[in-house]
Amino acid sequence: MIRSLNSIHSQAHVPKTNAEKKSFAGYSLVWCEFTHHHHEGVVTSPLSLLTCQEEIFFFPECEKRAPGSMQENVEQHKAFMAGLEAMETYFNSVRRNPAIYDGNKVTSIIEQFGDVFVLHLREEIDTLAPEKLRKIWPVAKELEDSHVAMMKWIVKSSGKFTMMPWVCYLTEWG
Numbered sequence: 001m002i003r004s005l006n007s008i009h010s011q012a013h014v015p016k017t018n019a020e021k022k023s024f025a026g027y028s029l030v031w032c033e034f035t036h037h038h039h040e041g042v043v044t045s046p047l048s049l050l051t052c053q054e055e056i057f058f059f060p061e062c063e064k065r066a067p068g069s070m071q072e073n074v075e076q077h078k079a080f081m082a083g084l085e086a087m088e089t090y091f092n093s094v095r096r097n098p099a100i101y102d103g104n105k106v107t108s109i110i111e112q113f114g115d116v117f118v119l120h121l122r123e124e125i126d127t128l129a130p131e132k133l134r135k136i137w138p139v140a141k142e143l144e145d146s147h148v149a150m151m152k153w154i155v156k157s158s159g160k161f162t163m164m165p166w167v168c169y170l171t172e173w174g
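For the sequence shown, the numbering used here begins at 1 and goes up steadily by one.
No wet-lab data here; the hints were simulated from the structure. These figures come from a predicted structure and were not determined experimentally. Heads up, some of the hints might be wrong.
To be verified - The list that follows gives simulated cross-link-like pairs (lysine to any residue, SDA-like), each with its CA atoms no further than 25 Å apart:
| hint | residue 1 | residue 2 |
| --- | --- | --- |
| 1 | K105 | R3 |
| 2 | K64 | E131 |
| 3 | K78 | F58 |
| 4 | K141 | A79 |
| 5 | K135 | A149 |
| 6 | K132 | L119 |
| 7 | K16 | Y27 |
| 8 | K132 | V116 |
| 9 | K22 | M81 |
| 10 | K105 | I8 |
| 11 | K156 | P138 |
| 12 | K160 | S146 |
| 13 | K156 | I56 |
| 14 | K78 | I56 |
| 15 | K135 | Q76 |
| 16 | K78 | I154 |
| 17 | K156 | K16 |
| 18 | K64 | M151 |
| 19 | K78 | E61 |
| 20 | K78 | M150 |
| 21 | K78 | S108 |
| 22 | K135 | E75 |
| 23 | K156 | E85 |
| 24 | K132 | M1 |
| 25 | K78 | N6 |
| 26 | K78 | S7 |
The whole structure should be built from the sequences, with the hints applied where relevant.
So, in structure tokens, the structure goes:
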């Protein structure tokens, strides 16, 4: 997620033609779709209707087992959500009217929420560390079953022509 957001930021001044601007907006909207899908509630985008894996699926189950264990993650989601929504709104406008595209606006939007977003992703790793998950899920089979169910849900609910190819293409294999 970080690398993709960085790519949007670093390439923001590259699109020159309306076709390039519209294409870049499409790429950026898939990043927004993926990020919404990963982090928070129900999202209506021009690409799909999605519900998330963390705040709807995984965090509540952890909270039932260990109250407060995921609260910081939820608060961090709230801290960057306005910036993510501003980015999505802007790129939806660009898709409708590519002539309004402004690379400076793109970098400005990202700079307003990017640091908080990156900090969240880095800190979230610690909250999901194996030793912490073992405390929340003392029966490993229950965590495994939950993970399998969540992965099935992710595949089922992900945009097959947007998110799935995007994730597969941008994943570093090996």
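These are the hints, each one checked on the structure:
1. K105 with R3: Holds, at roughly 19 Å.
2. K64 with E131: OK: K64 and E131 at ~18 Å, within 25 Å.
3. K78 with F58: Roughly 17 Å separates the two Cα atoms, so the pair holds.
4. K141 with A79: violated, 33 Å
5. K135 with A149: holds, 20 Å
6. K132 with L119: holds, 19 Å
7. K16 with Y27: holds, 15 Å
8. K132 with V116: Distance of about 23 Å is within 25 Å: holds.
9. K22 with M81: Given pair K22, M81 holds - Cα atoms ~23 Å apart, limit 25 Å.
10. K105 with I8: With Cα atoms ~12 Å apart, K105 and I8 stay inside 25 Å; holds.
11. K156 with P138: violated, 28 Å
12. K160 with S146: Holds: K160 and S146 sit about 23 Å apart, inside 25 Å.
13. K156 with I56: Satisfied, since the Cα-Cα distance of roughly 15 Å is no more than 25 Å.
14. K78 with I56: Holds: K78 and I56 sit about 14 Å apart, inside 25 Å.
15. K135 with Q76: The hint holds at about 22 Å.
16. K78 with I154: Given that 25 Å is the threshold and the Cα spacing comes to 22 Å, the pair holds.
17. K156 with K16: Outside the cut-off at roughly 36 Å; violated.
18. K64 with M151: holds, 20 Å
19. K78 with E61: This hinted pair holds, its Cα atoms lying about 19 Å apart.
20. K78 with M150: holds, 22 Å
21. K78 with S108: holds, 19 Å
22. K135 with E75: holds, 21 Å
23. K156 with E85: holds, 24 Å
24. K132 with M1: holds, 23 Å
25. K78 with N6: Distance ~21 Å between K78 and N6 Cα, so the pair holds.
26. K78 with S7: Distance of about 23 Å is within 25 Å: holds.
Going through the hint list in order, the structure does not satisfy hints 4, 11 and 17.
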